[in-house]
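**Q** For reference, the chains in residue letters:
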Amino acid sequence: MADPTETDAEDVNELIAFRIAEQDFCFNIMSVREIRGWTPATIIPHAPSYVRGVINLRGAVVPIVDLAARLGLEVPEPTARNVIIITQIDGPIVGLLVDAVSDILSASAKEVQPTPDVAANGSEFLSGIITREDKMIRLLNLAAILPETVVAAA
Amino acid sequence: MSKTDELRTTFFQEAEDLLEQLTDGLEELSCGDADPETVNSVFRAVHSIKGGAGAFALEAIVRFAHRFENVLDALRSGELAMSGAVLDVLMRSSDHLTVLLETARDGTLEEDDPAGEPLLAELMGLTGATESPADSTDEVDFTPMTMALDDLSGPGPSELRFHIGFRPHDALFRSGNEPVFLLRDVCALGEAEVQCDLSGLPDFDSLDTEASYLAWQIALQTEASDSAVHEVFEFVDGLCDLTVDQDGVEPLPDLPSLDPPSGPGADPEESAPTPEPAAAAYPPPAAATAASPAAASPEAARASGAARPEAAGKSAPPQPVASTIRVDLHRIDRMINLVGELVINQAMLTQAVKRDGIAQGSDADVGLEELRTLTRQIQDSVMAIRAQPVKALFQRMSRIAREAGSETGKTLRMVTEGAATEIDKTVIEKLADPLTHMIRNAVDHGLENAEDRIAAGKTPEGSIRLSAAHLSGRVVIEISDDGAGINRDKVREIAEEKGLIAPDAQLTPNDVDNLIFQPGFSTANELTALSGRGVGMDVVKKSIQSLGGRVSISSEPGDGSTFSIVLPLTLAVLDGMVIEVGGQTVVIPISAILETMRVPTEQVFQLGTNNAVVRLRGAYVPIVDVGAVMGYRAPVAPDGEHVILLVETADGVRAALLIDAIHDQRQVVIKGLEENYGQVPGVAAATILGDGRIALILDPSAIVGHTGAGGGAALSTPLAAE
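Chains as they are written, first to last, in full-length UniProt numbering: chain Z, 1 to 154; chain U, 1 to 722.
Bear in mind the hints are in silico, worked out from the structure with no lab data behind them.
Ideal Cβ placement from N, Cα and C applies to all residues, glycine included.
Wrong hints could be hidden among the right ones.
What the simulated footprint calls covered on chain Z by chain U, stretch by stretch (three residues with Cβ under 8 angstroms from a Cβ of chain U suffice, anywhere in the stretch; the number is not a length) [unchecked claim]:
id : region
1  : 29-43
2  : 81-87
3  : 102-115
Facing chain Z, from chain U, some residues (calculated, C-beta under 10 angstroms) [said to hold, decoys possible]:
id : residue
4  : Asn-337
5  : Leu-338
6  : Gly-340
7  : Leu-371
8  : Gly-631
9  : Ile-662
10 : Ala-686
11 : Leu-696
Work out the full structure: start from the sequences and follow the hints.
**A** Here it is in structure tokens:
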């Protein structure tokens, strides 16, 4: 599967940056369809714990992935202040539950450093690291965080 | 899509209409109420197909259609008399033509057509008496005009001379047009002489600077067509006086390529030495296609039992053209989705208004009520767009019955009723396979052979009736034969032999009949060419159930059997029961539910450690705790607070679903989970409730199968969604 966060053909990529549990993450903005507030989701039976359920996005049934849970971070119960980033990667539309959207960055492929080899939980979902104003922003590998059922469906 | 592809698609679409017209005509002929116009319409259909096929160089079709057409022509001119034998050949030819067109559409049409050779010989045999030596060579003479597709833009080079008069109105200037550009464009078409006509110019004193006084005369020598000249002035149409006279006397050739499917047919028509008694019989191309929608109304009248209204219909003036349009299915689906949204939105609005305590009878309340009515009407109309008459499907089934008849050597008569009944296009498509199987079964197993029929005091010709009708929001399709009926003793014997029932089981005659739907059951003693392909009635039942329908059988020994299929009108909505279990609101398809009741506590018995059964009318039915199976909550002990839904799964297994409460019973719009998430065990699809939240539509078969009660059915059989 082609990774939309690594479109090296373009020199500079626009990235959307957001926060989860006091950590900064980003991915290619071309995958973002829209950003909306949190609405309660309908539970899907037998779904992985990081799948919050499905919501109604103007008639489409869209699953919500709790990124904090997916990345092994602390998972508070979502409130109205939480944000869902609706993404579309190779077909399926998936909502990502995050704490807040913080910025939109431009970064060239050269600026992306490889992820340091640590045994940290969740590092398999990162495809690199970008530095901005002393902050370390983790570049998410979107394809890797999708639930298996979605990957199978795509 | 390239131009060629588009034309090809159009050709096959129109060919479908023409085939329908052909089948209709032949059917009328077989009913014996043929008038000359019927033969004509059949002839025209075949002829148009031939013309279109010629344009796409589909040689095998052209060759076959040509022979076919010759026979029809002989019939039309009275050289050949209609008889049962002739009709039989015509019917089979029509079937073969359908097959040829289907293979051509799939792109697998071969240059020669071995399967059609015997039929070709038969067709030639029919016209043999009238065939002159010249005729036998006409295949060579018939040179269909293959379209030169790059020629579409206009006719070949030929110098034309135009005189163009151009007098702009004031409005032309006011709308920002500039005559200089127009004149320049005209000059670009060829050699032009432009003269300005100043005669309209007034005295300087009375000159209005905002008014237009000038006119131009242009003499143009060009290779471009009349339409190209007009095109230059297209955008100032109505803003000027424009005259275009052409004095190169050479008239423009007709553009046959602009109407590919039937247009080119006109040319071979003239070159072919086929006798053509009435030139007027060749219709304007559009009339041929318009005839098929028009034919639907007599069809409907026939279904309602009116006595042969066709005769009246035929003498009526021809129907006005262009009563139908072709629309891309995606556009309709999109519209259906949007209307689904509208319905949900309207429901949410209603709830919001109620919650905010707006008085009943207030303007807002009344307006909302009107909105609701309108929304429902829009929804119905949009659904109706997707609906199509089952006619084409029925015609295909007639063909299959005929094929099956000739393969088994049984003569039969196929009667269809209610072919105008409309069902969702997707349902129709998915019905084709199960219906084919049932028709083949009816011919193979249902009908007896001629000797047995005569011995039973019946006509030697068997009869199969296929009917469709609307019945309280659903569609009922029935397949009846007048054969021997189900041999219940034999069915029982086989079922016992295969271990499907206990030898001492008490079964009603109807129970016995329904055994044929059991997996692993097949009554045929030997594997015949027709049935016995490893597909049984259980597969038929499954595919009908996957459409949200049910199939049942009633049989009368000696008088035949009737299979009834009850289907929802569309796959986009479903009759559902809105229930609550473990704090979740979910929907269960009503088609699966046999009964609902409070838990009869005194009839519940424990079986093993974790399982319970309920005794209903003497039978023990396993209780399935939906909340636990779906993981909504821990298993609970069934008590009087809970509700039981008695369901029957696709495999015919009964189970009692234990739930918390029943909220509502309503139609819900089916939304797929698959495209964005994937399959969920036990869940068929999703829907959106009035509050805008998503509710899952559960699949009772999968839930029951999950517990092992259903003999280990696969854990998710998703309903066809959207």
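**Q** Now tell me if each hint is right for this structure.
**A** Hint by hint, here is what the structure shows:
1. 29-43: holds (count 4)
2. 81-87: violated (count 0)
3. 102-115: violated (count 0)
4. Asn-337: Asn-337 (chain U) check passes; min Cβ-Cβ to chain Z is 6 angstroms, inside 10 angstroms.
5. Leu-338: 8 angstroms, holds
6. Gly-340: 6 angstroms, holds
7. Leu-371: Interface hint status for Leu-371 (chain U): violated (18 angstroms vs cutoff 10 angstroms).
8. Gly-631: 5 angstroms, holds
9. Ile-662: 19 angstroms, violated
10. Ala-686: 5 angstroms, holds
11. Leu-696: 7 angstroms, holds
When the structure is compared with the earlier hints, violations turn up for hints 2, 3, 7, 9 and for no others.
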